[in-house]
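Taking the hints into account, I'd like the entire structure generated from these sequences.
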Amino acid sequence: MSDKNIIEIRDLTKIYKNGVDVLAVDGVNLDIKEGEFLAIVGPSGSGKSTLLNMIGLLDTPTSGTIRLKDVDVTKATPDERARFRNKELGFVFQYHHLIPEFSAMENVMIPLLIAGKNKDVARARAQELLDKVNLNDKLNNRPNQLSGGQNQRVAVARALANSPSVVIGDELTGNLDTKTSNLIYELLRELNRKLDQTFILVTHDMHMAEKTDRILRLVDGKIVCELKRQGDGFIESKVCDLGEDNGKIRRV
Amino acid sequence: MFELEVAKRHITSNRRGTAFTVLTVAVAVGVIIMSLGLTEGTKNQIIENTVEKNPHIVLGPKQNEGYIHLYRNIERLLSSYPGAIAVSPRLVVQGAARHKDKVEGIELVGLESDKEERLMQVQGNLLAGNFSELKFKKKYAILGVKLAEKLDARPGNDVYIYFRNNSAKVSVSGLIEKGTAKDSSLVYISLKTAQNLVGEGDVVSEIGVRMEDYTEAPVLARDLEPTTKYNVESWQEFNREISRFIGTQNRINVIFYLLIFLIAGFVVANTTIMIVRRKTKEIGMLMAIGATRSSIMEIFILESLLLGLPAGLLGILVGIGFAQAIASYPIDMSSAASGVTMLMLDLRPEFIIYALIFALLLNISSAVYPAYLASRLDPVEAIGNE
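First to last, the protein sequences are chains A and B. First residue of the first sequence: 1, per the working numbering; consecutive thereafter. First residue of the second sequence: 1001, per the working numbering; consecutive thereafter.
No lab work stands behind these hints, which were simulated from the structure alone. Treat the hints with care, as some may be off.
27 Å max Cα-Cα, derived DSS-like pairs, lysine-lysine [as the list claims (entries may be wrong)]:
| id | chain 1 | residue 1 | chain 2 | residue 2 |
| --- | --- | --- | --- | --- |
| 1 | B | 1281 | A | 119 |
| 2 | B | 1281 | A | 17 |
| 3 | B | 1008 | A | 138 |
What follows is the structure, encoded as structure tokens:
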């Protein structure tokens, strides 16, 4: 992990206007370093997915700024945002959302083809990535021929296709059993270490969150606690409301 | 070009949706091909049965003149036109005929049988006798078959024909059946005999012209009238009803095709919307991994476009098949057009091109709206992770 900030978030606010105003994210300030392995936790409806979607340029903030690699991406047009998502961001969701008609290999090739890479380059890169997620024997299997954990690994490989600055995961083990979840987290951890890949993961599973370097707790759209890894445990920030999760995290 | 790859996979994986779209477009194209072929065939048959039974152009006397005097010059002028394949001067007058105690009103046509044969192929309509004999036998006459019946006259009988105060005795040498009302009034005699009976000298009352291509006749007629000062009419003018009928039919057909386009378009659009609905999460994911809105739109338009060609080709086969099946059944159309007893099929090669263009346009235009809907999806809502 370097000292350089890859993401700088300032006063980020999102208000949903569906008849009544709902403050989903409330003035969040956050810096994320290159190569960081970060978890965002919180009860449902706390705004963690909204925050993640804004960081992932899938959603636009009501106010505030997000700087990705020193570029203010909040001002980008829809097409520019699509390009940023393709080149700088990788996504893994709760459900893998692989294209059912495409093989594992072809699914991983898509972000590369969108980026304008030719098929041979894309195929070689996809093979390399599927090898990294230990699926080199399933290259030509379609999603319905793979287990949930295998599909999620394909999704991870797809997220890494264009060597993005940040990979975003939203409850990415939500559909998997504990054993498979652990394997996926170990895989992400390994990729984080080997490739210095930045990960931002939203989860409500504290056990998973504990495997990261930093845990942010979000309640009502605000960061109410920050825990930083030190050795095997975590140091918490001065003010910290861990709510119902209090006591489950090993602290130094 | 990942859009094309995704579109191709959508088509091959969604067999039912693909089949539904292809069949809808094929049926629409088939109906249009069938309608085009049958309309064209029937139109041609009506034209043949009416237009081809008359000269394509008839040149009549100048205004305030009863007859054409120096008709040989005009005849030469008309013959010199490229596309004019037959020119026949005729002296047509209304008179009467008597056989024994029976008298009937007649349309007496004096003609030069060799020229008239080239113009109207009269011999083919003759039930008895030889048309070319009129050229040499001044006292021969060919009677409409119904007129002969009314006069109770048979070939070989002598018949008296009258014009104003003049009369002539002619011998029935043949009978003609044209299949029109003229069968009960027509009398063909040689031009010389008719001129003698009329008593106006070497004159005719009209000159008939046959063109290589009858559609050129109206143009030539419009060109001839001011230069010759004669009254010139093409089949369009003296068959005004028919050309109006054909024009109306063409307009009705256009409306009919538009309706087919709309109906099929809605069905295809609906199928595509269903596909977009089912693929919502996938579209959201494609957007998340960087597909632009225009790429998403391109995927669904390409998908529909790729189906256009096979659907069009299938439709052409379906249409030809149905049209041939319909055309092989005799349908009595004689009330609508004389002599039309079957629906005729005339599939011109350009209809195939029209049908393919129709299929492609149909597929593109019915995909635009669903594709637009897909491209405007909000990725967060589409993925629906929460």
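Structure-based check of all given hints:
Annotation: proposed proximity of residue 1281 (chain B) to residue 119 (chain A) holds, straight-line Cα distance about 25 Å (limit 27 Å). Distance hint between residue 1281 (chain B) and residue 17 (chain A) is fulfilled; the C-alpha atoms sit about 23 Å from each other, no more than 27 Å. Among the hinted pairs, residue 1008 (chain B) with residue 138 (chain A) is consistent with the structure: their alpha-carbon atoms are about 23 Å apart, no more than 27 Å.
No hint from the list above goes unmet by this structure.
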